Amino acid sequence: MNNNSESTFGAFVTPHLDAAYNLARWIVTDPNDAADVVQDACIKAMNGFASYRGGSERSWMLTIVRNTAYNFLRDSKRERFVPLDDAITASLPSEDMNPEVQLVRGINIASVQSAIESLAPEYREIVVLKEIEELSYKEIAELCSIPIGTVMSRLSRARIQLRDRLIKMEDVR
Amino acid sequence: MTHREAQALIHPYLDNELDSTMTVALLEHCSTCEICNARLKEFSVVKSNTFRSIPTYSAPDKLKDKFAAKEIVSRKKRWRIPVIRWGIPLATSFALGILAMMFVFRSNTSNDSLTDEIVWDNIHALKSNHLIDVASSDKHTVKPWFAGKTDFSPIVIDLAAQGFPLLGARAEYLGGNDVAALVYSNGKHYITLYQWVGKQTSENITQTVRGYHTLSFTSGEMMCVAVSDASEEELKNFRATFQKEVSGQ
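Sequences listed follow chains V and Y, in order.
Residue 24 in the working numbering sits at position 22 of the first sequence; the count goes up by one each step and never skips.
Residue 148 in the working numbering sits at position 141 of the second sequence; the count goes up by one each step and never skips.
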């Protein structure tokens, strides 16, 4: 790799570092681990930079960050990482037949943060890609290499769990 | 529209993923259905609060400076990072450090760094007990598993009848290439067959690197290197068996 391609890579990666770090931070949760994951992902990206064939730069970078973060989780065994069974998650969430609305009030950043952190990594990442990166279902599906139906079912499951956890936190308070 | 159908549409509606026809159908249903209307309100609150309150983390300045200054970490360092972070006991990391140093010395003199990298990857996989990500001898399980993980679809064949049962596979990224690693067993030995599309390291060459034998060959458009601690003869036998099966398909 010559100096020219390194400088090109620096210019390429800098605008996406925050998004890369944010995604890594949400998947692995520890700030130091997240920085390591991003650094590792940047090196992988740099080595593969020559083979980058266009398309969304950010998505390309986030895909590498995501894979690196999952490799980290799996290898560190800090979080028991069990891939979700998509045969189960692809099915629709069970019907909720209660007509009562339990509106969540008084939500603050800390409670949203801890509710999202308590989700499985596969749910966390979908919420982050949707609500922070504001990606479409199709873009999320491509980034995570899962069908759009799985994106939909994971997102709805994530929101059901978020609702339940936020309500629980309110009850405790 | 049933409750089930309506509730499946609530999240796509909140995320602006529904076309106008479906949107009208959903809202019409909710206007007459107390249950679905309650869910719609509830998840609308969850969605908007998540969207508003989800914390966003910025990359630490240290990380930004590193890349802004184009001070890119050399690839040798890459091997040390995981060792430190993964908290492998000190003795192991010390031993690995020595191995890494030997690797650096060796790669300075070697003219085939990709083979070195492959052998190192194999050692790394064995040490971290992370040989396969998808455990299956079924090519209809293993081959599709690579979709989206590598920029090609590798040749996957089980050679159990010939004495080399396929145990599974993993995806790697080596020397700037997506690489498929298929793991076969051979008695008490493992044979890992690396495949990629691109430049071949060297044609039909056997090498011994760190006590592991490697054998490079080409199969169709796939560049292959087989790595094992089994004997060179066994590797040649494996290649012949593999090639025979491929051409017989």
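In case anyone wonders, no lab produced these hints; they're calculated from the structure.
All figures in this text were calculated on a predicted structure; none of them were measured in a lab.
Even for Gly, the Cβ is constructed at its ideal location relative to N, Cα and C.
Careful: at least some of the hints might be erroneous.
[What the hints assert, rightly or not] Part of the chain V face toward chain Y, derived, beta carbon under 8 Å:
| no. | residue |
| --- | --- |
| 1 | Cys44 |
| 2 | Val129 |
| 3 | Ser158 |
The hints, checked one at a time:
A hinted interface residue such as cysteine 44 of chain V counts as satisfied when its beta carbon comes closer than 8 Å to some beta carbon of chain Y; here the least separation is about 6 Å, so the hint holds. Checking valine 129 of chain V against chain Y: minimum C-beta separation of about 6 Å stays under 8 Å; hint holds. Nearest Cβ of chain Y to the Cβ of serine 158 of chain V: about 5 Å, under the 8 Å cut. The hint holds.
Checked against the numbered hints above, the structure violates none of them.
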